[in-house]
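> Chains as they are written, first to last, in my numbering: chain C, 1 to 142; chain P, 1001 to 1465.
Derived by calculation from the structure, the hints in this document are not laboratory data. All values reported here derive from a predicted model rather than from experimental measurement. From the three backbone atoms N, C-alpha and C, an ideal C-beta is built for every residue, glycine too. Mixed in with the good hints there might be a few duds.
[To be verified] Cross-link-like lysine-lysine pairs, in silico, BS3-like; alpha carbons within 30 Å at most: (1) K92/C to K1190/P; (2) K1190/P to K84/C; (3) K8/C to K1002/P; (4) K1157/P to K1221/P; (5) K1422/P to K1221/P; (6) K1160/P to K1002/P; (7) K1190/P to K1298/P; (8) K1461/P to K84/C; (9) K8/C to K1085/P; (10) K84/C to K112/C; (11) K1221/P to K1002/P; (12) K8/C to K1221/P; (13) K1221/P to K1232/P; (14) K1422/P to K1085/P; (15) K1002/P to K1157/P; (16) K92/C to K112/C; (17) K1010/P to K1190/P; (18) K1190/P to K112/C; (19) K1160/P to K1221/P; (20) K1461/P to K8/C; (21) K1157/P to K8/C; (22) K1298/P to K1221/P; (23) K1002/P to K1298/P; (24) K1232/P to K1002/P; (25) K1461/P to K1298/P; (26) K92/C to K1422/P; (27) K1010/P to K1298/P; (28) K1085/P to K1221/P; (29) K1190/P to K1002/P; (30) K1232/P to K1157/P.
[Said to hold, decoys possible] Here chain P is said to cover these stretches of chain C; the calculated rule only asks that three of the stretch's residues, wherever they fall, bring their Cβ under 8 Å from a Cβ of chain P: (31) 89-98; (32) 132-142.
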Amino acid sequence: MQQQVFTKSMARNIFLGGAGFFLIIYLVLTYDTWQQIPARDHAAAMTPAVIEGKYLVDTNDCMGCHTINGEGAYYAPELDNVYKRRGPAFIKAWIPAMPTGVPGRRQMPHFKFTQVQIGDIVAYLQWLSNVDTNHWPPNIQG
Amino acid sequence: MKYQSQSVAKPYFVAALALFLGQIVFGLIMGLQYVDGTFLFPAIPFNVAHMCHTNLLIVWLLMAFMGAAYYIVPEEAQTELYSPKLALLTFWVFLIAGAATILGYLLIPYSVLAHATGNHLLPTMGRGYLEQPLPIKIGIVLVALSLLFNLTMTLAKGRKTSLNFILVGALWGLALLFLPAFYFPVDTVKASYSWWWVVHGWVEGDWELILGALLGFIFIKMTGVDREVVEKWLYIIIAMTLMTGIIGIGHHYYYIGAPAYWIWLGSVFSALEPIPFLMLVAFAFRMHAQRRREHPNKAAMLWAMGTPIVAFLGAGVWGFMITLAPVQYYAHGTNLTAAHGHLAFFGAYAMVSLAMISYAMPLLRGREANSLSAQRWEMTGFWLMVLSMFTIALTLTGAGIVTIFLQRATDNPLPFMAVQDKERVFFFIREYAGLGFTAGLLAYLRSFFVRGEYDYTNNVKRALA
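All chains, please: the whole structure from these sequences, using the hints.
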């Protein structure tokens, strides 16, 4: 039988060695990223209101329609810079005015938020708009 | 079917297909909401349909993967499954948990569901694909542990093949990579960063190993090619998957708040991620060319050959299109990503599941292959689904490009909704393509109800004539 130049165990070792090598590199990079994140997203500025606002955004599945930093669903506008695009007063008026009921237009559900809760959401959106995302989105329209 | 206990795969496959149909129904609902925003509002708001669509996708794929594992591992190990009863019990637990999740989304407002299920104790809800309430997430872990226990015990007492090691190892990886679902830091950037451990870790890492193992098994069985050759290919393919894909996760980190070095690392490594998919295509053609027999199950071979091709196009080509950081800067969070997601998920994971079901279901029903008329229904379903999904990907690509030029890469960017209105034509065609896909799925399902098995004598006579 002809001798095999490239055997299955060599292939397996490339798999295990390659995967292990890049996993270690990833873990080192992740450690470094972890050290940098608090400065990049102003973690110290996460007040209780910001944290509560984020909890409301999560537990009402806002990302089921919207994107946040480009992640989520593509049915509704980007929320990363919505604070800068619309301003706090507009957002505070907009959320409780939903749904518009305009025929054919995409509808946002009516969430039964208190005024305090809406303030918390706006605080979160303000915090979000200051995260250093390498200059994304490209412009104010998100 | 060589071992009696392999039959536990059957309920998994049947349930997978039923849930798949459910996924498509919610897809149609969302597609229609893109055309008429008031459709089914407020009964089923878009985000609820979205959760049902994506969660049913995950549940049916996991069902299919588990069924495939319960079918493959005993046959590879040349022994009966350690505990068929446990496998059946696990099936019912998983099915009920999956159904309860979807009903929960449909019947209870998400914030109420979150509160009622203890989300405030350990917040996990509100992230894409991982929207399940805490008790369901715990249930998923228990189901995974039961599966892994059963398979590992089977592996331990039987023949140890490389393919089985890859498959069972990848299922361990799948379970471990789900655990970050329980880690949801309040810091949005850290939350995003770690969310990708699950999502990228699954679809651009671990699941590719499962994809390889399933295809490898199908080719060993259907072509009669030496397993040494198949397994060597598999190791090289999955080595490339992880060597490109682990750092390739950086293409999700460009614009979510992570440091800028990910722009370079993610671009370079993710640009190489199509390579393992291309190798998978080469592998499939090589195995097909070197086949030592003509398997009567033509439909299964069609799925097995189609899978790497559509996976390469969806994951490889469409993925590459948006992966370089300067492109992603404009394409991030547009329907270009949805185009890539649809074609890649379908081509890689839906199609390999259907390939496995196509190969195994006739055997589970006591025949090597279905009758030719059943296979014709199935192959009609194949083409309708594949071509419809291409159309969906193309229309979403069109919509994404319009967004880029009207909302992103322009001096006078238009507001989101103004741009969406200009993309209506794409959403319209997309919904028709969705109906085409549904027709394909129904034709595929129809094939299961065509009686009779493959008639060797008659078909040989016909071939000679």
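> Identify every previously stated hint that the structure contradicts and give their numbers, smallest first.
5, 7, 8, 9, 14, 17, 20, 29, 31
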